[in-house]
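Novice: Keeping their order, the protein sequence lines are chains D and A. Here our numbering is used: the first residue of the first sequence is 1, the next is one more, and so on. Here our numbering is used: the first residue of the second sequence is 1, the next is one more, and so on.
Careful: at least some of the hints might be erroneous.
[What the hints assert, rightly or not] Below are the EDC-like pairs computed for lysine to aspartate or glutamate, each with C-alpha atoms no more than 20 Å apart in a straight line:
hint	chain 1	residue 1	chain 2	residue 2
1	A	Lys-70	D	Glu-169
2	D	Lys-351	A	Asp-170
3	D	Lys-70	A	Asp-320
4	D	Lys-216	A	Glu-283
5	A	Lys-426	D	Asp-65
6	D	Lys-84	A	Glu-80
7	D	Lys-59	A	Glu-80
8	D	Lys-487	D	Glu-269
9	A	Lys-337	D	Glu-333
10	D	Lys-62	A	Glu-79
11	D	Lys-492	A	Asp-170
12	A	Lys-62	D	Glu-283
13	D	Lys-313	A	Asp-21
14	A	Lys-293	D	Asp-170
15	A	Lys-351	D	Glu-425
16	D	Lys-59	A	Glu-283
17	D	Lys-313	A	Asp-65
18	A	Lys-62	D	Glu-425
19	D	Lys-70	A	Glu-325
20	A	Lys-351	D	Asp-104
21	D	Lys-62	A	Asp-65
22	A	Lys-492	D	Glu-169
23	D	Lys-84	A	Glu-450
24	A	Lys-429	D	Glu-36
25	A	Lys-62	D	Asp-320
26	D	Lys-62	A	Asp-21
27	A	Lys-351	D	Asp-21
28	A	Lys-293	D	Glu-169
29	A	Lys-272	D	Glu-9
[Stated by the list, open to error] Derived Cβ-Cβ restraints for the label pairs, each shown as a range:
hint	chain 1	residue 1	chain 2	residue 2	range
30	D	Asp-188	A	Glu-284	32 to 38 Å
31	A	Glu-79	D	Asp-188	49 to 55 Å
32	D	Asn-13	A	Thr-78	45 to 51 Å
33	D	Leu-244	A	Ala-238	52 to 58 Å
34	A	Ser-176	D	Asp-188	22 to 28 Å
35	A	Pro-332	D	Ala-75	45 to 51 Å
36	A	Glu-491	D	Gly-398	46 to 52 Å
37	D	Glu-130	A	Glu-425	42 to 48 Å
38	D	Lys-351	A	Glu-425	29 to 35 Å
39	A	Asn-246	D	Asn-378	56 to 62 Å
40	A	Glu-491	D	Glu-8	24 to 30 Å
Keep in mind the hints are simulated off the structure, nothing from the lab. Virtual Cβ for every residue (Gly too), placed ideally from N, Cα, C.
Protein chains: 2
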Amino acid sequence: MLKQWKPEEKPENEQMKERLDAARARLYELQMQIKEHKIPVLVLFEGWGAAGKGGVIGKVIKNIDPRFFKVATMAAPTEEELRKPFLYRYFREIPEQGKFTFLDSGWMQETTRDVLKHRLKDDAYELRIESIRRFERQLTDNGYLLLKFFMHISQKEQTKRMKVLLENEDTAWRVSEEDQWENVHYKDCRKVFDKYISDTNSPSAPWYIIDAGSRKWAELQVLENLVQSIEVAMQNSARSVPILQNVFPLVKMPKLADVELTGKALSDEEYKTELKSLQARLEELHNVIYRKKIPVIITYEGWDAAGKGGNIKRITGALDPRGYEVHPIASPEPHEKARHYLWRFWTRLPKDGHIAIFDRTWYGRVMVERLEGFCSENDWKRAYNEMNEFEKELTDWGAVVIKFWVHIDKDTQLQRFTDRQNNPEKQWKITDEDWRNREKWDAYEGAINEMLQKTSTRYAPWYILESVDKKYARIKALKIVIERIEKALEEKK
Amino acid sequence: MLKQWKPEEKPENEQMKERLDAARARLYELQMQIKEHKIPVLVLFEGWGAAGKGGVIGKVIKNIDPRFFKVATMAAPTEEELRKPFLYRYFREIPEQGKFTFLDSGWMQETTRDVLKHRLKDDAYELRIESIRRFERQLTDNGYLLLKFFMHISQKEQTKRMKVLLENEDTAWRVSEEDQWENVHYKDCRKVFDKYISDTNSPSAPWYIIDAGSRKWAELQVLENLVQSIEVAMQNSARSVPILQNVFPLVKMPKLADVELTGKALSDEEYKTELKSLQARLEELHNVIYRKKIPVIITYEGWDAAGKGGNIKRITGALDPRGYEVHPIASPEPHEKARHYLWRFWTRLPKDGHIAIFDRTWYGRVMVERLEGFCSENDWKRAYNEMNEFEKELTDWGAVVIKFWVHIDKDTQLQRFTDRQNNPEKQWKITDEDWRNREKWDAYEGAINEMLQKTSTRYAPWYILESVDKKYARIKALKIVIERIEKALEEKK
């Protein structure tokens, strides 16, 4: 696209001034409408070194109230960030509803650099592109306005600008070694940029190539595209989004009603012996995954009072506290609710070699959020695929993802609720909400069945833990965790 | 303390078992009371390498529900963390009310290592100790239970344990180079540890030295001290805390009523000319502070409708967006409210070389929180000193701290409120709360006067911006920011 790309003709000075004034004024008005319509706007600036990304961002934000935007400069990933999935540090930066985030270079630069430095080839590149496409689509599907600008200058112009910057000690730091390398290898870079741009050009998140040879003209192109896109986004803000067909291999799951619960029990003695030997094994494995830098994500969903907490404790009992974290998931706080619903999970991912246990999870989207109407029908119907994609991201990164449904029947729940109510030490565990949820048992059962059918992928299948006898469920969980970790180690060999 | 320290006699096996059972059961009960009493518990484990810090933490947390605690392993600070004040990464980890955080080594280890590696000497060490003392006192004053354990073993025992760990490839990673260095230099280390422990031993956050020669015995000592301290903390949870006398040099401030507002105005022309030249100067300075890695913190407080937003915009208008951030401060979210009130500011500090602008600040504590009764009288009275200490921390780190009070009179406010109400584009800026606050003008004025008198320190003085003419206030703010940065650069020479 870049090589044969012809810029629009630059307007005359007078016309430029008029159009600039109009676009600036319009953006100033639109910021309030963005806020009102609760649209989050993510603006990505990519482009050549010294093309003036920072400068244009500086101009654009002059028209926006400082409370409504954030600028993030994405330098090379830190060591800590390299221990998370590629998208982690970008997902972390997505704006709240009604606000702007401007990114000074982002996932394009990181990707193209990896290609140019031969760190990312062939299949790995394809995987990366797929994951970027999914990321961008998930944002726009969930109401984000995503704008991607590529600031384009010629090699000659770049050489000239760098020279000027390097001559002054207060501006010399702006020219990195990477920038200088880029200038020398301009043609190679252009080829890689070109391929990346066409690989990630999509109707919902198209690329805008900006002729950045003149600063004013660059500002005008950015502003006009920004204003126009916001206007389109506002008209579309209530639209429904296509629900994608599942493309991931699924594992067949039974209906909950068909899960045999009776007979799934252990004697105290069997339990004690098994627990001890399984925990010892898991403790060993924890050391190995730490050393081999394999991340493990264990998620728990289940009926109230099914015994999630006690089950988790039998897992963590075997783990070195420096290598795992339990994340209890309650209703989202305001700053979480204002973002993509997966944001609070992305930001809680473990480092490689660590274990993260989620006590309730992203599946709230298709259970409580669905049934209580906290999101639209279009939202939760889309979510099955979005969550499969999320878990694909995790397993591609190398994570072992283990999803438990802790299962009991309705009578068992009643008995446990009553026990809790009558035991002063356990009363904190039972709330009015638990009783209200119980009344909706049948609706939940339907939703859960649908969830299990649609999100049990081969790379991240669901496991049902029969938990009428909690001991049985705990031993089963431990066995599955051990088996899955052993398998991952086997495959890594 | 360590050299001449005599451990308590280790109990016989049977008695040990009994006491362990009792302490474990008691901790299990206490976790719920901690939650009920909303006490945050921070447990710091320091000590010799291979003394078994991780192991004891692992034992202790077995008695606590995974939803109520977090374990944080504090490795050496990352490059990013080194660009923040020393305490930043510890303050970030403090627990929420009703929860535990266990730190696997912390500010003691970082400090003693700096001493042993000759990175921290004499005055710098004294400064560090002072800052640690203030940090610990601020936590306990604000209702935190802070427990500090030092896990003690002999050189011989340490040598033996390291040998065992190093022999197995799955445990060898646990022995760092630092640990091995420590073992060889045991006596030097003991001297430095000793001094640190006595320097930071205080009644509200005393050190507990744990005889860690035997694992069970170590666990018992920790558990018993933990349980006992929690019980004491619960009895004290409603107590008032001594209000410390100010020890920082203060700058005399006028009463608001005596601030002359008339005549503080600029013509449009004067304004335009000055604005242009001052912004150009600030733009230059921004490059210099970036290069010299000086952090700048600019805070705005002021009457509603005094013109804070527009004032901030004139500052940011001169700044490179990659080097600053504006933090609008609204009421705290639940996870923020559940922590020390300065937590949300600590976690928003800029990196060195960057500028952070706070639109409303920590001074909410002695204004809205005081007047609306969101904190106790003891709390806000203590806060003046706590905030002086906080800003001392920032300036000791090297930050330029500039605090603005944007000032107007009551009539001007009424006029601006009415303007906003009548202008559809500005209506979002005015809320019922603004009108309610206006009714409390006199109470606020009293609180603000007290705040200005008590927190205008020589290192972080308040500046009053007369803002009946907003242009005047903007130019004054720019001049002060420039002057303060120039002064800091001069001093750094």
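Novice: So if I understand the rule, the pair passes when the alpha-carbon distance is 20 Å or less; does Lys-59/D with Glu-80/A pass?
Specialist: violated (28 Å)
Novice: Lys-492/A and Glu-169/D were given as a pair; does the straight-line alpha-carbon distance stay at or below 20 Å?
Specialist: Measuring from Cα to Cα gives roughly 18 Å; hence the hint holds.
Novice: Please verify whether Lys-351/A and Glu-425/D have alpha carbons no more than 20 Å apart.
Specialist: violated (47 Å)
Novice: Next pair to validate is Lys-313/D with Asp-65/A; report whether the Cα-Cα distance is within 20 Å.
Specialist: holds (7 Å)
Novice: Just to be sure I understand the hint, the distance between the Cβ atoms of Glu-130/D and Glu-425/A should be within 42 to 48 Å; is that true here?
Specialist: holds (44 Å)
Novice: Is the Cα-Cα distance between Lys-426/A and Asp-65/D 20 Å or less?
Specialist: holds (13 Å)
Novice: Given the proposed pairing of Lys-429/A with Glu-36/D, does the C-alpha separation stay at or below 20 Å?
Specialist: holds (13 Å)
Novice: Lying within 52 to 58 Å: is that true of the beta-carbon distance Leu-244/D to Ala-238/A?
Specialist: holds (56 Å)
Novice: For the pair supplied as a hint, Lys-351/D and Asp-170/A, confirm whether the alpha-carbon distance does not exceed 20 Å.
Specialist: Distance ~18 Å between Lys-351/D and Asp-170/A Cα, so the pair holds.
Novice: Next pair to validate is Lys-351/A with Asp-104/D; report whether the Cα-Cα distance is within 20 Å.
Specialist: Answer holds: Lys-351/A to Asp-104/D is near 17 Å, not above 20 Å.
Novice: Decide if the proposed pair is consistent with the structure: Lys-337/A and Glu-333/D, CA atoms, cutoff 20 Å inclusive.
Specialist: Status holds; Cα separation ~12 Å.
Novice: Starting from Lys-84/D, check that the Cα of Glu-450/A is at most 20 Å away, please.
Specialist: Status violated; Cα separation ~48 Å.
In summary, the numbered hints that this structure violates are 1, 7, 8, 10, 15, 21, 23, 26, 27, 29, 31, 34, 35, 38, 40.
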